[in-house]
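There are 2 protein chains.
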Amino acid sequence: MELWYTENQTQNVNFSMKVKSHLYSAQSEFQKIDIIDTYEFGRVLVIDNWTMVTEKDEFIYHEMITHVALATNPEIKNVLVIGAGDGGTVRELTRYNNIENIDMVEIDELVVKASIEHLPFTSNKLSDPRVNLYFEDGIKFVKGKENLYDLIIVDSTDPIGPGEGLFTAEFYTDCYNALTEKGILINQCESPYYSHNAYEMKRSYKKLNNLFSICKAYQYHMPTYPSGHMIFCFASKVLDPIKDLDSEKWNELELETKYYNTELHKGAFSLPNYVIKLLNSEN
Amino acid sequence: MELWYTENQTQNVNFSMKVKSHLYSAQSEFQKIDIIDTYEFGRVLVIDNWTMVTEKDEFIYHEMITHVALATNPEIKNVLVIGAGDGGTVRELTRYNNIENIDMVEIDELVVKASIEHLPFTSNKLSDPRVNLYFEDGIKFVKGKENLYDLIIVDSTDPIGPGEGLFTAEFYTDCYNALTEKGILINQCESPYYSHNAYEMKRSYKKLNNLFSICKAYQYHMPTYPSGHMIFCFASKVLDPIKDLDSEKWNELELETKYYNTELHKGAFSLPNYVIKLLNSEN
Chain A
1 MELWYTENQT
11 QNVNFSMKVK
21 SHLYSAQSEF
31 QKIDIIDTYE
41 FGRVLVIDNW
51 TMVTEKDEFI
61 YHEMITHVAL
71 ATNPEIKNVL
81 VIGAGDGGTV
91 RELTRYNNIE
101 NIDMVEIDEL
111 VVKASIEHLP
121 FTSNKLSDPR
131 VNLYFEDGIK
141 FVKGKENLYD
151 LIIVDSTDPI
161 GPGEGLFTAE
171 FYTDCYNALT
181 EKGILINQCE
191 SPYYSHNAYE
201 MKRSYKKLNN
211 LFSICKAYQY
221 HMPTYPSGHM
231 IFCFASKVLD
241 PIKDLDSEKW
251 NELELETKYY
261 NTELHKGAFS
271 LPNYVIKLLN
281 SEN
Chain B
1 MELWYTENQT
11 QNVNFSMKVK
21 SHLYSAQSEF
31 QKIDIIDTYE
41 FGRVLVIDNW
51 TMVTEKDEFI
61 YHEMITHVAL
71 ATNPEIKNVL
81 VIGAGDGGTV
91 RELTRYNNIE
101 NIDMVEIDEL
111 VVKASIEHLP
121 FTSNKLSDPR
131 VNLYFEDGIK
141 FVKGKENLYD
151 LIIVDSTDPI
161 GPGEGLFTAE
171 FYTDCYNALT
181 EKGILINQCE
191 SPYYSHNAYE
201 MKRSYKKLNN
211 LFSICKAYQY
221 HMPTYPSGHM
231 IFCFASKVLD
241 PIKDLDSEKW
251 NELELETKYY
261 NTELHKGAFS
271 LPNYVIKLLN
281 SEN
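Taken in sequence, the protein lines are chains A and B. Taking UniProt numbering, I'd label the letters of the first sequence as residues 1 to 283. Taking UniProt numbering, I'd label the letters of the second sequence as residues 1 to 283.
Source of the hints: derived by calculation from the structure; they are not laboratory data. There could be a bad hint or two in this list.
Which copy is meant is left open, so a pair is good if it fits within one copy or across any two.
Cross-link-like lysine-lysine pairs, in silico, BS3-like; alpha carbons within 27 Å at most [what the hints assert, rightly or not]:
hint, residue 1, residue 2
1, K243, K266
2, K56, K277
3, K56, K143
4, K249, K20
So that you can see chain A by itself, here it is in the shape it has in the complex:
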């Protein structure tokens, strides 16, 4: 028997991967969680039939969601991560000795449990003594916090289901208040290519851009996400990801990375015209 997992990237586009075995399946309070082993991509975490993480290319996503901020401000000490149940974002963060504390807030404990059991390649640093796990709603967690975090990473699923509230102006305002003066917010901002993703990209960017004095989108190549063309938003009260990039200091750390480097850091902020136009459009 041939087993294939198909993601409906749009109503009219399917992406399918051949499956070795279906390792895990569970319905949590929030969502359907599946883990499969595939021929091309290794182990894959699927939530509500959307591909979240694959063993083959998770390094791209997790390096790009973390190192851009850490190379811009090498003095980040206190970090809040929202979502990121697979642990990959925390894994990259724990490589920095300057980071003293990581609060990770994941609404769905079952995602973390499944990842610890089946995805050791991302979850293997969740036991780092600097990591505090909270199984709570990130929206509530951040509310009322002031001048606390040097970095907030919103490593969310798409803005449907439990991730929806993570794309609102109210939530972003709470993040703004929770950040220190030099604080940085990194937000998963979808993709410019398919219209429903482009709509969400614009929505998030606009809200962040209204709130923060510096808000810049950067791109990365993520083959297993729809279109492969993905965007993160970098938002800050004072730090500019290009002008304040401290390449020398970051390179002195001698961290081995498979995707990120400080030249790519700069290049990633140079976006195609159609993406710039979308981000600046009124509607």
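Fit chain B to the given chain A structure using the hints.
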């Protein structure tokens, strides 16, 4: 009835698009040619079951294969295009008044005929008076030519079938000889992500790098090609695509582009570590 076209991107990965209608199908002397109309991507040219051009994102490929060279040397006059039967590369080239002559050599006349009939969005400038169409083998066409072209664009299919000879050291040497002193070669160099594509990317890059004093790979986001992460190689005897980029002059032309801009030009040469490692690896 639902009609879907599926591309087998690897043995274990399928990409499928929902089809409105199957507009054209023919077997030429060289290959199977199909044109379909799809819900998400508009009209799509498929050769031997590989996606060649889609109406939705062909602009990305055709802008990136042309404007990088033209912005590096604004004095390009004589151009050779090999392959490119859909006409999209020629369409972008005809936007430059400095270009006086374009020789386009496509081995398969039927691709051009089908494109003129069904893909007006790419083929609409093939009738430009500066364009000379040759339905010949590009490998033979370039052999023996010396110091003639300011730009050669190898807009090939994958290195299987009729495109195979376009990836050999002998062919690249003939191109080298056919180029003027400031000549530039732009070569379609596949993708770093799936192993069979990465193998071809390395092969092409190494051959060009051995031959030309300047050889640099640049990347672009092409959603309908496997992995969406695509590479062109820029090779030249004397011109460097970053140092010799004349941003001011190119921007004075006021060409409207949907993907390319001179900041993106610079950024596109900043590659991920895993791609750099592949390009520089011995095997």
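Open item on the list: Checking an output row: K56 and K143, CA cutoff 27 Å. Within, between, both or neither?
Closed with: For K56 and K143, neither the intra-copy (36 Å) nor the inter-copy (42 Å) Cα distance is at most 27 Å.
TODO: Using 27 Å as the alpha carbon limit, work out where K56 and K277 are close: within a copy, between copies, both or neither.
DONE: Answer is between: at 16 Å across copies they meet the 27 Å cutoff, but 32 Å inside does not.
- [ ] Pop the pair K243 and K266 into one bin, within, between, both or neither, using alpha-carbon distances up to 27 Å.
- [x] Close inside one copy (10 Å) and across copies (17 Å); limit 27 Å.
- [ ] Indicate which option fits the pair K249, K20 if close means a Cα-Cα distance not exceeding 27 Å: within, between, both or neither.
- [x] neither (43 Å within a copy, 54 Å between copies)
Hint compliance for this structure: hints 3 and 4 are broken, all remaining hints hold.
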